[in-house]
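> Here is what each chain is made of, one letter per residue.
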Amino acid sequence: MEFKAHFKRKRKSFYNFNKHAAFPICEYKGILNGLAVEVVNTEQASIASLHDNGGYGKGSMSRGGPISGNPHETLLLGLEEACLLAYFLEALEISDLAGNTLSWTGFLQVALEYDTQFVYKLAAYLYLKAKNWIIKSGIKFGGDFLIYKQGPSHFHASFLVIVQNPSNDNSSHFVAKNLKGVQRVAETSDKDVLLLNVKQTQEFNPLLVTRETLSALTIEETVIRRFNYTSFVQSKQKQ
Amino acid sequence: MSGALASVIEIQTKNSYLSAAELIVHRHAEVESPRIGLKRTNVEGSAAEQEELQHAYANLRSVLSTRRIERHTGRAIAEWHKDQQAAEVLRKDGKFESFGFNRQGKLYLEYYEALFLLELNRLQLEYCQMIVSVEQAYLLLLGEESSEKYNNYLVYSALSRAGYIVVRHQTACQDAPTISVKSAAAPSSEDCIWALLEETISNKPAPEYIKASHYYVTAQSRMADLKLQIVNQTHPSVEDNSLKEDFKFDTRKRRAQSEPKEDAATKRVKTRNTESLIDNLKTEPNYTKFKEIFERFDIVQLQQDDYDVTEDYSDLRNLNISFDLHLHNEGFRRSAPKAPTFSVVIVATDEPFPTHNEMIKCQRQQHSILSISSPTAGAPPLLVISVSESKQIQAFLYYMS
Numbered sequence: 001m002e003f004k005a006h007f008k009r010k011r012k013s014f015y016n017f018n019k020h021a022a023f024p025i026c027e028y029k030g031i032l033n034g035l036a037v038e039v040v041n042t043e044q045a046s047i048a049s050l051h052d053n054g055g056y057g058k059g060s061m062s063r064g065g066p067i068s069g070n071p072h073e074t075l076l077l078g079l080e081e082a083c084l085l086a087y088f089l090e091a092l093e094i095s096d097l098a099g100n101t102l103s104w105t106g107f108l109q110v111a112l113e114y115d116t117q118f119v120y121k122l123a124a125y126l127y128l129k130a131k132n133w134i135i136k137s138g139i140k141f142g143g144d145f146l147i148y149k150q151g152p153s154h155f156h157a158s159f160l161v162i163v164q165n166p167s168n169d170n171s172s173h174f175v176a177k178n179l180k181g182v183q184r185v186a187e188t189s190d191k192d193v194l195l196l197n198v199k200q201t202q203e204f205n206p207l208l209v210t211r212e213t214l215s216a217l218t219i220e221e222t223v224i225r226r227f228n229y230t231s232f233v234q235s236k237q238k239q
Numbered sequence: 001m002s003g004a005l006a007s008v009i010e011i012q013t014k015n016s017y018l019s020a021a022e023l024i025v026h027r028h029a030e031v032e033s034p035r036i037g038l039k040r041t042n043v044e045g046s047a048a049e050q051e052e053l054q055h056a057y058a059n060l061r062s063v064l065s066t067r068r069i070e071r072h073t074g075r076a077i078a079e080w081h082k083d084q085q086a087a088e089v090l091r092k093d094g095k096f097e098s099f100g101f102n103r104q105g106k107l108y109l110e111y112y113e114a115l116f117l118l119e120l121n122r123l124q125l126e127y128c129q130m131i132v133s134v135e136q137a138y139l140l141l142l143g144e145e146s147s148e149k150y151n152n153y154l155v156y157s158a159l160s161r162a163g164y165i166v167v168r169h170q171t172a173c174q175d176a177p178t179i180s181v182k183s184a185a186a187p188s189s190e191d192c193i194w195a196l197l198e199e200t201i202s203n204k205p206a207p208e209y210i211k212a213s214h215y216y217v218t219a220q221s222r223m224a225d226l227k228l229q230i231v232n233q234t235h236p237s238v239e240d241n242s243l244k245e246d247f248k249f250d251t252r253k254r255r256a257q258s259e260p261k262e263d264a265a266t267k268r269v270k271t272r273n274t275e276s277l278i279d280n281l282k283t284e285p286n287y288t289k290f291k292e293i294f295e296r297f298d299i300v301q302l303q304q305d306d307y308d309v310t311e312d313y314s315d316l317r318n319l320n321i322s323f324d325l326h327l328h329n330e331g332f333r334r335s336a337p338k339a340p341t342f343s344v345v346i347v348a349t350d351e352p353f354p355t356h357n358e359m360i361k362c363q364r365q366q367h368s369i370l371s372i373s374s375p376t377a378g379a380p381p382l383l384v385i386s387v388s389e390s391k392q393i394q395a396f397l398y399y400m401s
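Chains as they are written, first to last, in the UniProt record's numbering: chain A, 1 to 239; chain B, 1 to 401.
I should point out that these hints are in silico values taken from the structure, not numbers from a laboratory.
Don't take each hint at face value.
Over 12 Å on every C-beta distance to chain A, these chain B residues come out as not near it, computed from the model [unchecked claim]:
# : residue
1 : Ser19
2 : Arg61
3 : Gln170
Calculated pairs, DSSO-like style, for lysine-lysine (alpha carbon to alpha carbon, straight line, at most 30 Å) [claimed, not checked]:
#  : chain 1 : residue 1 : chain 2 : residue 2
4  : A       : Lys29     : B       : Lys95
5  : B       : Lys289    : A       : Lys4
6  : B       : Lys361    : A       : Lys199
7  : B       : Lys92     : B       : Lys39
8  : B       : Lys282    : A       : Lys4
9  : A       : Lys177    : A       : Lys8
10 : B       : Lys106    : B       : Lys149
11 : A       : Lys4      : A       : Lys177
12 : B       : Lys291    : B       : Lys82
13 : A       : Lys140    : A       : Lys199
14 : A       : Lys177    : B       : Lys289
15 : A       : Lys140    : A       : Lys29
16 : A       : Lys131    : B       : Lys361
17 : B       : Lys82     : A       : Lys236
18 : A       : Lys180    : B       : Lys106
19 : B       : Lys291    : A       : Lys8
20 : B       : Lys282    : A       : Lys131
21 : A       : Lys199    : B       : Lys282
22 : B       : Lys39     : A       : Lys12
23 : B       : Lys39     : B       : Lys361
24 : A       : Lys238    : B       : Lys95
25 : A       : Lys12     : B       : Lys282
26 : A       : Lys236    : A       : Lys29
27 : A       : Lys140    : A       : Lys177
28 : A       : Lys29     : B       : Lys39
29 : B       : Lys106    : A       : Lys177
30 : B       : Lys82     : A       : Lys140
Which chain A residues face chain B? A few, computed with CB under 8 Å, are given here [as the list claims (entries may be wrong)]:
#  : residue
31 : Phe155
32 : Val182
33 : Arg225
34 : Arg226
35 : Lys236
This structure is a prediction, so every number in the text was calculated from the model and none was measured.
Note that beta-carbon positions come from the ideal geometry of N, C-alpha and C, so glycine has one too.
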């Protein structure tokens, strides 16, 4: 029962993936509006390039990348990806609505107000990103993230990621009804449900976390797959 | 119907016999309940609905009251022993290889096996010299109070029908006593040879009661002689009869023993997996090109499983392994089961699914049990089977970092 991830290529994979970089090639400025970090398109720093090189953000007037052609279209970055771009890659400067540049602690404060689980989701995000996945919001499938090989325009998402952490009630996913529900939704589109269980040490405090102390968090992976016992036994009998 | 009408009755009974052609048609009649349209959930109370319902009931009745034809004496007979919660097989019919267990030379069926065979019309169950109906059997075998027995039966039945050999989960510890009960009375020459072979092949020391037998020493020396003969390629000039028999025995056993060993070795690799499941993309050109940048934020790591860490495992649920699954074409033998293909954990409707750590704990417990009896064997993968509210069965496999 070796585990093999699903990689399902999309039919019209129209541009060459390998000519793009995995990380932004210029610097951007963004405004934290409470929900997301909004990046405005400029001559020097095009938001289309930010989206193409690494698959960050979503166009405010498009389904995926900013392709509407509307000059007022902005790129909306999720909190985790904005955090990665700003504080780990230093390719983004985040300011609040008043125009003051936000530091790591300032950003963390706002992010935790919006989402108390932010630190754990950030940990999961970094964990996945360091493994070269393109990460998008998983809200349309009822999870935290969707992760893609090369990006949504090339492959279907391979996993629906659900982040579990020590502070919230992490058993809710294991209620039979919930697990089967998520499983079924994911399975119809050839995905696996990946459970990332974030573990922390005793002294870890999510409110005072720094980039360095994030390493106190570790992750356990679980994939639960439905198993067709009938076809398994039949395939074994044919051999 | 009084005496005056006796002749009429006689004619009726004669008519109720079926002709040979009818018998054959009736014998394998496949009955399926009609399913038309969408499932409706609300009662309308209309006249049309009433009529439809009556029609459906009439239909059901006619289906249920058709004659069921079967061969006379085509069923096994077993007697239910309430005190032992097992059915003693009084007459076998057909193959019983994957059913039942031996106790003091008698074959017994577990409650789920008896019920399964009863449902398939392969068994006539008796209780207090009375034949038990299917409905009565449900009450008798599964008990009147709700218990895990019903779920066990459902899972057993579904998996058996799917084509697995389903047996009660055997831990190595349970294994030993069953052997000793079987042959405790007086170990025969055969038992000594089997024990000796197990000793040489899987390093399992021969039990004391076997060593005490007077056959043991002779069997041991004879085997040593044979081994010498095989090694030196010499043939004894005189071969007595008993020696020949033992020799045959020897080769057969050796073949059977070597197979599960290989199996287990491959399986062990599967169950222990401390690597990430999602590292596939690290070989992409994009990763190698930007490796340094990727490593800059590679801060959060995979939880490394430490064997020494005795964490808070004690307050985790203990998963209960109910069954072992074997495949038909792998030469299953009840007396000497090999490593199963799967072990089954049943999750009831209101129970949560096992978590990562609960699964790990369960696997480790299995490992530790196995490593005592035969260090080469690995634990089979755990199959988590959930029984839903509507009594549907779904199997799940866990893959863990």
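> Against this structure, judge whether each hint is valid.
The hints, checked one at a time:
1. Ser19: holds, 39 Å
2. Arg61: Holds, since 32 Å exceeds 12 Å.
3. Gln170: holds, 20 Å
4. A:Lys29 x B:Lys95: violated, 77 Å
5. B:Lys289 x A:Lys4: OK: Lys289 of chain B and Lys4 of chain A at ~25 Å, within 30 Å.
6. B:Lys361 x A:Lys199: holds, 17 Å
7. B:Lys92 x B:Lys39: violated, 43 Å
8. B:Lys282 x A:Lys4: Holds, at about 15 Å.
9. A:Lys177 x A:Lys8: holds, 27 Å
10. B:Lys106 x B:Lys149: Between Lys106 of chain B and Lys149 of chain B the Cα gap is close to 24 Å, so the pair holds against 30 Å.
11. A:Lys4 x A:Lys177: holds, 25 Å
12. B:Lys291 x B:Lys82: The hint is violated at about 69 Å.
13. A:Lys140 x A:Lys199: holds, 26 Å
14. A:Lys177 x B:Lys289: violated, 43 Å
15. A:Lys140 x A:Lys29: This hinted pair holds, its Cα atoms lying about 28 Å apart.
16. A:Lys131 x B:Lys361: holds, 28 Å
17. B:Lys82 x A:Lys236: Violated: Lys82 of chain B and Lys236 of chain A sit about 38 Å apart, past 30 Å.
18. A:Lys180 x B:Lys106: Violated: Lys180 of chain A and Lys106 of chain B sit about 44 Å apart, past 30 Å.
19. B:Lys291 x A:Lys8: Judged against 30 Å, a Cα distance of about 25 Å means the pair holds.
20. B:Lys282 x A:Lys131: holds, 6 Å
21. A:Lys199 x B:Lys282: Status holds; Cα separation ~24 Å.
22. B:Lys39 x A:Lys12: violated, 40 Å
23. B:Lys39 x B:Lys361: Distance of about 43 Å is beyond 30 Å: violated.
24. A:Lys238 x B:Lys95: With a Cα-Cα distance of about 22 Å, the restraint between Lys238 of chain A and Lys95 of chain B holds, given a limit of 30 Å.
25. A:Lys12 x B:Lys282: Given that 30 Å is the threshold and the Cα spacing comes to 24 Å, the pair holds.
26. A:Lys236 x A:Lys29: violated, 58 Å
27. A:Lys140 x A:Lys177: holds, 19 Å
28. A:Lys29 x B:Lys39: The hint is violated at about 56 Å.
29. B:Lys106 x A:Lys177: Violated, at about 44 Å.
30. B:Lys82 x A:Lys140: violated, 55 Å
31. Phe155: violated, 10 Å
32. Val182: violated, 11 Å
33. Arg225: Because about 5 Å separates Arg225 of chain A from the closest Cβ in chain B, which is inside the 8 Å limit, the hint holds.
34. Arg226: At about 6 Å, which falls below the 8 Å cut-off, the nearest Cβ of chain B leaves the hint on Arg226 of chain A intact, so it holds.
35. Lys236: holds, 5 Å
The structure does not agree with the numbered hints 4, 7, 12, 14, 17, 18, 22, 23, 26, 28, 29, 30, 31, 32 stated previously, though it agrees with the rest.
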